Amino acid sequence: MSVVEQRLKDLGIELPVPAAAVANYVPFVVTGNLVFISGQLPLENGKPAVVGKLGDSVSIEDGVRAARLCGLGLLAQIKAAAGSLDRVKRVVRLTAFVASTPDFTDQPKVVNGCSDLMVEVLGDAGRHARVAVSAPSLPLNVACEIEGVFEIG
Amino acid sequence: MSVVEQRLKDLGIELPVPAAAVANYVPFVVTGNLVFISGQLPLENGKPAVVGKLGDSVSIEDGVRAARLCGLGLLAQIKAAAGSLDRVKRVVRLTAFVASTPDFTDQPKVVNGCSDLMVEVLGDAGRHARVAVSAPSLPLNVACEIEGVFEIG
Amino acid sequence: MSVVEQRLKDLGIELPVPAAAVANYVPFVVTGNLVFISGQLPLENGKPAVVGKLGDSVSIEDGVRAARLCGLGLLAQIKAAAGSLDRVKRVVRLTAFVASTPDFTDQPKVVNGCSDLMVEVLGDAGRHARVAVSAPSLPLNVACEIEGVFEIG
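Protein chains in written order, with this note's numbering: chain A, 1 to 153; chain B, 1001 to 1153; chain C, 2001 to 2153.
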């Protein structure tokens, strides 16, 4: 069994089925040794699991959960792209959009839900450059959307 | 005539003059075989063609048109960058910002206006990773802004 | 002394200490000859220097200053990543998020504060592809956040 798969098992983390393409775009594109992954939403069983906005109906705790679910989506996609999580050399950059009211300023706390997952699962290879900002609204009214660039070897 | 130029002609699509740099930035930068293109606005004859916000004065239909105009701008820029559209190996990733009210959640429908154009013109090479989010407002009050990363060969 | 360091000195520009990682992410990741830098905030002595929103309490002039401070952060990080600013071959792409009210449409004027700095310091190598959009709010209530992709040689 792959080293990272074993770690996932030890952590009790099960990756979701990677979300399929729903239009004329695809979940990821590989170019050279970089993989660009489409914005992932906080889904459970393929359905939006955390909807609404931070600063309004969504607590920080639920925001963290949303970001973690986006991260599980990213891991599922990079596994599909690379064949195995062991081929991930580095999480290069994550850009996280948090749906929030205009007075919300704790985006970093929310996005840590995804950042922590990356390091939990991938160790130092999971440490990434990061962008965390708010958006006034996101597809399907989800609380968070996160895209990623990964390096594979 | 180039294969893709012929397809454009068959489709009756005319690319705009690529928008010029208006400050200390440029329309695109080539690094290795990647081309990073600046955020394109929905222009016609160099002027904003779709202004306002989704969820307010701009209908989904007009939003789709805005996204398509952004896509025409991207194609005009990648043609300028690569010399010929035939050199486009892949549309790698598009990030689309939709100007909207906080309750608008149909960003994907809007952005399909650009995604569909890419596949119409470039076929499978036009299938891209995608990020679609809202912004509270955009330059010149346009309804949509889309940036892109392309691979050329 | 490095050519670019000398130019910084001539211009009277002092780079800040690069902001440290504050969670499970890092200030930059190098992959091949590309460097992805985390979103930089307008800090002075490590503290938010321009807070609030454009279109509300923050003037265009202060927004420009905020964008310039983000740019100083980017230069400090790329220097830390590359060892010397002389290794910067190109500023590839900057994505700038301006915290603003929904009716603000002068994002480009604000972001020029960063774009102008890049060209001032790096000359033609500072000319970059650019994305400028609004966000309803940003971490620590800052007025601007800018991420960058750089090419080093």
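Please keep in mind that the hints were generated in silico from the structure rather than gathered at the bench. Hints are supplied without guarantee of correctness; some may be wrong.
Derived coverage of chain B by chain C (criterion: at least 3 residues anywhere in the stretch with Cβ under 8 Å from a Cβ of chain C; other residues may be distant) [what the hints assert, rightly or not]:
1. 1026-1033
2. 1036-1045
3. 1137-1144
Please read these numbers as outputs of a predicted model, since none were measured by experiment. Positions of the beta carbon are idealized from the N, C-alpha and C atoms, including for glycine.
Hints, one by one, checked against the model:
Counting residues of the segment 1026-1033 of chain B whose beta carbon lies closer than 8 Å to any beta carbon of chain C gives 6, which meets the minimum of three for the stated coverage. Counting residues of the segment 1036-1045 of chain B whose beta carbon lies closer than 8 Å to any beta carbon of chain C gives 4, which reaches the threshold of three, so the coverage claim holds. Residues of the segment 1137-1144 of chain B with a Cβ under 8 Å from some Cβ of chain C number 5, which satisfies the need for three, so the listed coverage holds.
Comparing the model with each numbered hint stated earlier shows that all of them hold.
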